[in-house]
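Chemist: Listed below, chain by chain, are the residues.
There are 2 protein chains.
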Amino acid sequence: MAASSSSTSFSSSSSHEGDAGSSYIECFKYSRRATLRSVVGRPDGGAGLVGERAVVGGWVRSSAVVRARRAAAGPASPSRKPEVEATGLTCTEGATHAGLMAGGIPAAASAGGSARRPAVGTALVRINDGSCVADLQIVVDSALLPLDQITATGACVLVEGKIEQVEGTLPQYVVQMKVEKILHIGPVDSEKYPRSNAHSSPDLVRGYPHLAARTATVASTARVRSELVHAVHAFFQSNGFFHVNTPTITTTTATSAGNRGKMLRLTRLFSKSDNGNRITPEAVRAAIKEKTKQVEALKRSESNREALEAAEQDLQRANALSRQLEQGASAESSQDEFFHRPAYLTPCHTLHLETYACALSSVYTFSPVFQAESESLDSDRSLAERWTVDVELAFAELEDAISCAEDCVKSLCSTVSKDCSDELKFLSSNQAGDATSSVIEAAVSSPWQKIKYTEAVNTLLQVTDKTFESKLELGMPLSREHLSYLADDLYKKPVIIYDYPKQLKPFYARLKEDLKTVSAFDLVVPKVGIVACGAQKEERMDNLTSRIEESGLQVEQLEWYLDTRRHGTVKHSGFSIDLESLILFVTGLKDVRDAIPFHRTKGHAKC
Amino acid sequence: MAASSSSTSFSSSSSHEGDAGSSYIECFKYSRRATLRSVVGRPDGGAGLVGERAVVGGWVRSSAVVRARRAAAGPASPSRKPEVEATGLTCTEGATHAGLMAGGIPAAASAGGSARRPAVGTALVRINDGSCVADLQIVVDSALLPLDQITATGACVLVEGKIEQVEGTLPQYVVQMKVEKILHIGPVDSEKYPRSNAHSSPDLVRGYPHLAARTATVASTARVRSELVHAVHAFFQSNGFFHVNTPTITTTTATSAGNRGKMLRLTRLFSKSDNGNRITPEAVRAAIKEKTKQVEALKRSESNREALEAAEQDLQRANALSRQLEQGASAESSQDEFFHRPAYLTPCHTLHLETYACALSSVYTFSPVFQAESESLDSDRSLAERWTVDVELAFAELEDAISCAEDCVKSLCSTVSKDCSDELKFLSSNQAGDATSSVIEAAVSSPWQKIKYTEAVNTLLQVTDKTFESKLELGMPLSREHLSYLADDLYKKPVIIYDYPKQLKPFYARLKEDLKTVSAFDLVVPKVGIVACGAQKEERMDNLTSRIEESGLQVEQLEWYLDTRRHGTVKHSGFSIDLESLILFVTGLKDVRDAIPFHRTKGHAKC
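Just so you know, the protein sequences line up as chains B and R, in that order. Oh and the first sequence: position 338 is 338 in UniProt numbering, straight run, nothing missing. Oh and the second sequence: position 146 is 146 in UniProt numbering, straight run, nothing missing.
Bear in mind the hints are in silico, worked out from the structure with no lab data behind them. Mixed in with the good hints there might be a few duds.
[Claimed, not checked] Calculated lysine-lysine pairs in the PhoX-like style (CA-CA distance at most 25 Å, straight line):
hint, chain 1, residue 1, chain 2, residue 2
1, R, Lys29, B, Lys452
2, R, Lys29, B, Lys471
3, B, Lys471, R, Lys289
4, B, Lys289, R, Lys471
Can you build the whole structure from these sequences, using the hints too?
Modeler: Next comes the structure, spelled out in structure tokens:
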């Protein structure tokens, strides 16, 4: 910070007090420590940093204590089992799902039970700061602090020390840190901390969404999700698309005939103090009186034209409000809608995005969508709040949208498999060896299967090596097991099914010449099912209004949407990618609730 | 598309039928035309493309007709006034705010009135496809189609032709296109199209948010907004932050004492068909019966273990649902909450984001926030749905957050001023010469002013060259005019005000040693006011609970939040950038409703 910028004693943010003789690993630009990614996340595992000093921070994943004899100095190896002993607040690990605090990485040494007397010796503590999959093992002597403070799983530590090589026959780590100075300890209230045990289910983790990211599984998923979001923006930016923030709140309920769930409606919340704060006609009249005086005073003084103009505008607004209040005081209290009409959370962004495509040509949005699905047995696993990537292209037909969707999803998969390889490796090892990487590679490298709906149905009707539970004939929707057969068993790669019967797709899909099918498609991927769907939009006014009426929707609600056809209509096509489904595909996770932080489902909205 | 990928006649998306002799300008990858950006948006204005052919599309911004004598061939110049004549459906232009369809660019030639007989000659039509500020002038002979179809403002055209140089003394364009083939016309229903005139106000445009992006002003703003969003992600990705999707729906109402507006509450929408679809206990019992049979059948057959497991799980879920329905049938119908408890739209993402910062260390989110401000005179201009960039850093103090906020906003401004220079030039020319570019440059190039709150107040109290309307003393908030004095008049650049009295900031701001002030800051920019605010978060459990109680909030609601302090607490800091305010700053626009597509304010939620 330049001296001229401030007269205050504003301190620089990256000063260190360590001895000047040894080199420091560079701090993360905006915080007071080096990230673990810059130490153990390096391709050499940190080998090139031996002898260097650093400040590192993180949360304790697991720990073990080496007894007094070796406490003084020198590297402690986790593989020398006889010297390792159980201590206080550490947690049991080793199981695949080792519970909330364990993070799923087998510990160097297990430690159970609870020892009452303070441990003397050396603690081997694995910490992680969320910057990469790998933990850093820090070696802490009991001379520095009572070891039970630093060995509790979930404790936060900020320490300074020197990177050293790990000795031993089969070290899990290349380097560890010999701690010389404790800068901060954030202890754990062990009475209240959700305890881990070998049998704790993913449901335990889901019950603590605000602590869940401290587990290796949730943290890895979060990093994959972040990388996907970055890749989405990178793909569309580099291809000349504009990002548009379509609204979350909508007053159009006729958005799609195809939605399974109901829309969530908004009401206005009045807190207890509301009556006190609400504007009364009397208060406004008093304000007008005072503002009139102000305006007159300013007119007299002639000193400040800007202030006068502002005051006059202010007065005008107060007058307008007064009229409004007096005319509509009773009307408003009866309707009590903030937007003066019913408003809802949008279940899809297509309609609004289309209006921008019919002006900016190539647009996309990454936004939340909402639906309240409560009528099915699956509703406890159906996300009420999801995130979708919606894309719309003017001057484009179905094939263009399909080609863009294929390129986009391939690009996302390829970025993630390159930049999150550690995360994907960890997640698939954690799930009994689901070979997700080979599935992704197959999806990225080969051209996808493209079949018409009728072809798909006919293929499925001829299947003899498998019996399907759900009935299928031409005109009926394909069920999950049908889709799975096509993508998992038959083609073993992503499948694009297109040209659906019109009754299976929303009103805006473009009617084909046969008057029975529409230009719409679904993208089906192995293991997961549909991750994206799209359509060429009906640009012909007459066809569109007929389809709206056929679908039983109110045309009046969609007048604004029809304007884009009424005025300067254009062929356009688009698609929507379900981000959470895509996360299931790339990570191999099974439950969509694990693909989003703070999942919202029927009966569940924690925090 | 490889032959092996599909047995259907899937056509390639970029085939052209033009004569093989002349070269084609490359099509946009996913649509069937070249973007105007690739023609007139080039640095040479298209000069290097003379003689080449292209398919271009767009919407008509303005037009004029050159009479018969010159209809046959040759370039038509807009500067030869005597030959230009009024024609049918074109609109009047030339005023700064020329109304919805005009887009604010003065037309080559004005055309008013309405001629009844079909025009014979050549139409000069300016089209724009939203890819850049510049229009392309296309020259259409009446032999190709009745000219009134293509001269109506708002009409969509897709045409094929040859790029030619524009002649004349003062051509506004370097090149134009001589149209040879009309591929598509999307006409305008001129009875219903919102008419432009020289005095139409921005309110007209705001009334048609679904058509507004066809104006040059709204389109330019949308492109600036898109570039800002891309720059946000680029900045945080390159600095090692993870993107986290914090939830839109929250059950925590005690989010911040500092919010002016109320929260929007959710209810569940039941459509008319709901009663028919709703699950009854009887239906579930019948389903259980059938599922039990299925399970038994599968057990007997022993053929398919996976199917059996799935069926068993299905049965278990049905049983659970049955219990739930029988126990809570009456309770549920009375509470009727989808999430089984009151749920709201979040007014800020800080609290949820902090939990991820306390695990992944460096995180951000770009998400919508909601508040229903209806109690102030400004409520018709206060956005109920806004987008914010929220950032949270573990192991970081106030200075780190300030330094990150400064770098981030500077980087966003610098990207936009580089990549959207045409848009910024157009927008500032359109607003009576607001010198936005110099304001941005000053913000990017110089270090920002940083002053403590007390220093700011003392400075303002000593001001003699200006009288403030609102009262000020230590402990009181700084009003808009105070902030404006500091940023616009005194320092003439962005100002960071920090160390506020605790009563002016939310409960989570960290208490300083004086026990009176907190480590919080506001970023104030010239012309706009506060565009970002941030704080070092209170990491000490005792202080935090006291501050929650002092603020009159319910501690029970925040138990989950307190968990991050109870278990492994860490110093952390963050900030929140208001995207719409930043857009006002970089574009020079005055009304926040113009900074977002489809604005939602009190009494207004169109589409």
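Chemist: Please go over all the hints and tell whether each is borne out by the structure.
Modeler: Against the structure, the hints come out as follows:
{"no.": "1", "hint": "R:Lys29 - B:Lys452", "in the structure": "holds, 24 Å"}
{"no.": "2", "hint": "R:Lys29 - B:Lys471", "in the structure": "violated, 40 Å"}
{"no.": "3", "hint": "B:Lys471 - R:Lys289", "in the structure": "holds, 20 Å"}
{"no.": "4", "hint": "B:Lys289 - R:Lys471", "in the structure": "holds, 19 Å"}
Comparing the model with each earlier hint shows a violation of hint 2 alone; every other hint is respected.
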